[in-house]
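A.B. asks: I would like the entire structure built from these sequences, with the hints used as guidance.
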Amino acid sequence: MRNVKPETGGFFQRVRSWHPPAFAPGYKSTVVRSPQRAPISFGNTLSEITGPVFGREILGPLDNDLTLNYAKPGESAIGPRIIVYGQVLDERARPVPNVLVEFWQANAGGRYRHKKDGYLAPLDPNFGGCGRTITDEDGNYSFLTIQPGAYPWPNGINDWRPAHIHFSIFGHGFVQRLITQMYFEGDPMIWQCPIVRTIPDKRAIETLVAALDMEATVPMDARAYKFDIVLRGRRSTMFENKLEGN
Amino acid sequence: MAQQLDRLKETPSQTAGPYVHIGLTPNICEIHGIYEEDLGTRMVNDKTRGERITVKMRIFDGTGAVIRDALIEIWQADADGLHNSPSEPRGKADPNFTGWGRQASDAETGVFTFETIKPGRVPFLDDRPQAPHISLWIVARGINLGLQTRMYFGDEEKANAEDPVLSRLEHQHRGPTLIAQREGDTYTFDIHLQGEKETVFFDV
Ligand SMILES: [Fe+2]
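So the protein sequences, as listed, match chains A and B. Counting from 1, one number per residue, gives the positions in the first sequence under full-length UniProt numbering. Counting from 1, one number per residue, gives the positions in the second sequence under full-length UniProt numbering.
Some hints could be false.
What the hints assert, rightly or not - If you anchor each label on the Cβ, the simulated ranges turn out as follows:
#1 K197(B) <-> E215(A): 52 to 60 Å
#2 I78(A) <-> R182(B): 28 to 36 Å
#3 D155(B) <-> A38(A): 23 to 31 Å
#4 H171(B) <-> P152(A): 36 to 44 Å
Unchecked claim - In silico EDC-like pairs for lysine to aspartate or glutamate, Cα to Cα no more than 20 Å straight-line:
#5 K116(A) <-> E108(B)
#6 K115(A) <-> D106(B)
#7 K116(A) <-> D69(B)
#8 K9(B) <-> D65(A)
#9 K28(A) <-> D61(B)
#10 K9(B) <-> D201(A)
#11 K9(B) <-> D228(A)
#12 K115(A) <-> D38(B)
#13 K28(A) <-> D69(B)
#14 K72(A) <-> E36(B)
#15 K116(A) <-> E30(B)
#16 K72(A) <-> E30(B)
#17 K9(B) <-> E91(A)
#18 K9(B) <-> E206(A)
Hints are computed from structural coordinates only; laboratory data are not their basis. Keep in mind it's a predicted model, so treat the numbers as computed, not measured. All C-beta atoms, glycine included, are put in the ideal place defined by N, C-alpha and C.
C.D. replies: What follows is the structure, encoded as structure tokens:
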């Protein structure tokens, strides 16, 4: 392991207009769950700058293989086999090493293993739907899964979610914490989804669309999708305003 | 034209959705055998220094109904005010305290329960001590960007009165929304997403 001195600078202010607003009535659940007053800001203290870091000892050998991690021995999940890989970077385009990335998704029919999901599509007895990994020294991660299906959901009378994988990402500071969703290149369902459309800027939405990568595809095995993730960046401590003797 | 700053834009957030527990606390929703135990369940062990406390939280929506499908993560300093994090420059925190907890609520009551310790004081930017506090991050269906707030302790009146964050709130009457009430070893903290009692949320 490279011995890089951890950075301790505060984070760049979050560009909230790039994120979906709290109140986005096209996604009905936001109506009674969106704070209505302006959030309060103050400079990052160590409570915000620090954050939990996880060691690889928490990982099991199948944590990054959703085709097998819930399957009976000798069996595997049903669906198109895909590798999802990418790099976690910060806003200064520097790799974010050794951070936990968690993911969850519906099965190939669009059904979640959850007692509140009553969709007609059947459960796959060999598919649980969650996995996790930790980025390497260069911020890279990858996992094997099956391509999830689209599914209908109660919002409008005929709203469908495009195929997607949910992602939870840790940085090195607690205020870098992020949850998002990854979509698939070429899916026409993306642009009509009320949840996707909570994001105001089309360019921001495009950063959530993973690219099909035939070069990273494993022949006769699994196609690859590349999904890079950008977390908030830190100011360099060179510019911190606490001067000696102050 | 000037040189390019070459900054990237943060990946935009999307809601954690109604099934966030499949991903983050799978054992809670009866997906067993993938992870031995859900991450963040245990913050303390027998050797953890500091005063043991239980924190019970609830989240209410704009209609006053308690939310049962959310997930809360907390992050806090140890009893000496140090964080168990490589980014902590002031020294090594208690190795028997993770400082980080993650919980789903009880499916019936909507109560989130954290077994932790009372944190020490962490300096503000100008080195004034902040009052003891716990940082929160809340995600759920209907929440598009994880909500950041803090919980302070009701029995720390003096520290709260001089806390640099609490004392600079423009609307001082909203301060109490950040303060948990103590009864025995248990603190109770209700979070209101909207309405008269809307909790103060942060953009930090
Ligand atoms: Fe989903």
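A.B. asks: Give me the numbers of the hints this structure contradicts, sorted from smallest to largest.
C.D. replies: 2 and 8
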